[in-house]
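So the protein lines, in turn, are chains W and U. For the first sequence, the positions run 906 to 1244 when our numbering is used. For the second sequence, the positions run 7 to 132 when our numbering is used.
Just so you know, the hints here were simulated from the structure itself, not pulled from any lab data. This one's a predicted model, so the numbers in the text were calculated from it and none came from an experiment. Wrong hints could be hidden among the right ones.
[Claimed, not checked] Listed next, with one range per pair, are the computed distances between beta-carbon atoms: (1) U:Glu61 / W:Leu1167: 22 to 30 angstroms; (2) W:Tyr1081 / U:Ile112: 17 to 25 angstroms; (3) U:Ile112 / W:Leu1186: 40 to 48 angstroms.
[Stated by the list, open to error] Covered stretches of chain W, as calculated for chain U (at least 3 residues, CB under 8 angstroms): (4) 1058 to 1065; (5) 1152 to 1162.
[Stated by the list, open to error] Covered by chain U, per the in silico footprint, the following chain W stretches (three or more residues, Cβ under 8 angstroms): (6) 941 to 951; (7) 1041 to 1047.
All residues carry an ideal CB built from backbone N, CA and C; glycine is no exception.
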Amino acid sequence: MIWQLDLSILSLIVVCAFATIMVKDLLSAAIIFGAYSFLMCLLWTELGAVDVAFTEASVGAGVSTVLFIAAVHQTSRIVKPRKSGRMLSKAVGLVAALLMGLVLVIAEADFPGFASPFSPASLHLSPYYITQTLHDTNVPNIVTSVLADYRGFDTMFETAVIFTAGLAVIAILRRYKRDDSTEIPESYTISEGYPDTIIRFVARQLVPFIQLFALYVVAHGHHSPGGGFQGGVILGASFILLAISFDTRMIIGLMSEKSNILLGNIGVLIYAGIGFLCLLLGANFLDYSILSKVLPATDKIMARSHGMLGIEIGVAIAVMAIVISIYINIISHGKYDKG
Amino acid sequence: MQSIISDYNYWIYILLMMIGLYAMLAKNNLVKKVIGMSIFQTAIIVFYVSIGAKEDASIPIIAHGPGHGAVEAAIDVAHYANPLPHVLMLTAIVVSVGTLGVALAICLGIHRRYKSLEEDEIQEQL
Chain W
906 MIWQLDLSIL SLIVVCAFAT IMVKDLLSAA IIFGAYSFLM CLLWTELGAV DVAFTEASVG
966 AGVSTVLFIA AVHQTSRIVK PRKSGRMLSK AVGLVAALLM GLVLVIAEAD FPGFASPFSP
1026 ASLHLSPYYI TQTLHDTNVP NIVTSVLADY RGFDTMFETA VIFTAGLAVI AILRRYKRDD
1086 STEIPESYTI SEGYPDTIIR FVARQLVPFI QLFALYVVAH GHHSPGGGFQ GGVILGASFI
1146 LLAISFDTRM IIGLMSEKSN ILLGNIGVLI YAGIGFLCLL LGANFLDYSI LSKVLPATDK
1206 IMARSHGMLG IEIGVAIAVM AIVISIYINI ISHGKYDKG
Chain U
7 MQSIISDYNY WIYILLMMIG LYAMLAKNNL VKKVIGMSIF QTAIIVFYVS IGAKEDASIP
67 IIAHGPGHGA VEAAIDVAHY ANPLPHVLML TAIVVSVGTL GVALAICLGI HRRYKSLEED
127 EIQEQL
């Protein structure tokens, strides 16, 4: 950790946060927010949290920015000033923010010293994870083993939360033809645009490599940063790239609404199914070591490693399907049409 | 003075949280409020990851010899960053894209009905 680098990245982050809030154009705000996320990603790498950095790079700087731009594209771009009560709302916001800041500054006095190896958070549970991971599971990436094995329940319900979020977006936005009474005016739909040969060619050439990389990220998450969440988001992003450079209809042809929901279901089911398989074989829910009974040529330790790979694949499938589904819903205003 | 320099991560996280809260309360535009919410979320993530950081620590991937099962003799705990906050925040980031999608979907639904994303214009129509 280099404190000069840390400090300069942090000050840039604060500048970006101010700029996103202050700028009047929502498209610029979305793009500055992407830069903000990317700086965050640098900060995580610098603090040693490589898995978090990977997630932030694919989710924060990638998919979030695309979702913001899609939403801005579908609505209006310019922020109008408040007609009345501007000073009042600003004063209320400032007072609340300052009050919260004051409370946090007072609380800061009791925090453990920054980057101290003896802070309470690093003394109780994490030494066990750090020293026992290789012995218990044969997975050198501690983050993966904690995510998928020691705290497997937590991750299973996180996956369920993402699945629920995808369902919520569909429930809010999806419109079927027959009850399409509130037709949005023509100015809000996007013109077809002219086909740009260069963009289309490059996108088409890049997509297989992106997907190959995503599969590598999923499969190699045991030994390097990465895993189901990151790989799934990258897989979803490759489809979104196709949707942006070609046409949303083409993506709907490749990944229809039905197959998206089905894949999301399958992903969550793979996760829960592996858990139930462990239960059926006579161990606790998500206790992968029992899987050595069904997997050929594995001992209990390697079975935990393979069990993690299985649930990572489930997570990747679910996350990919939900990311694509959210994007298609937002860009097409729930009509599964052009965009 | 010493604490200001050594604990700058904590000060920045407080500042980011204040910016996020201000945007959520004072901004008129709904998309701006959603951006404020995301900044608030990242502020909390900064806090957690800062807690997990250790001085002169490496990334939480254990260096191991070639081949599987080559366990090093002794693993020094102080040599690896605390992996627990990383795990919690990794899933938090992925969930945040889910909540962001839902929030933007609600914004689009409001825009579909009221043709506006400005808080005061929507309130006039209510």
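Hints versus structure:
1. U:Glu61 / W:Leu1167: 22 to 30 angstroms: Given range 22 to 30 angstroms: violated, Cβ gap about 49 angstroms.
2. W:Tyr1081 / U:Ile112: 17 to 25 angstroms: 19 angstroms, holds
3. U:Ile112 / W:Leu1186: 40 to 48 angstroms: Given about 44 angstroms between the Cβ atoms, the range holds.
4. 1058 to 1065: Our answer is that it holds, as 3 residues pass the Cβ test (under 8 angstroms) against chain U, meeting three.
5. 1152 to 1162: Contact hint for the stretch 1152 to 1162 of chain W vs chain U: violated, 0 residues under 8 angstroms.
6. 941 to 951: With 5 residues close enough to chain U, the hint holds.
7. 1041 to 1047: holds (count 4)
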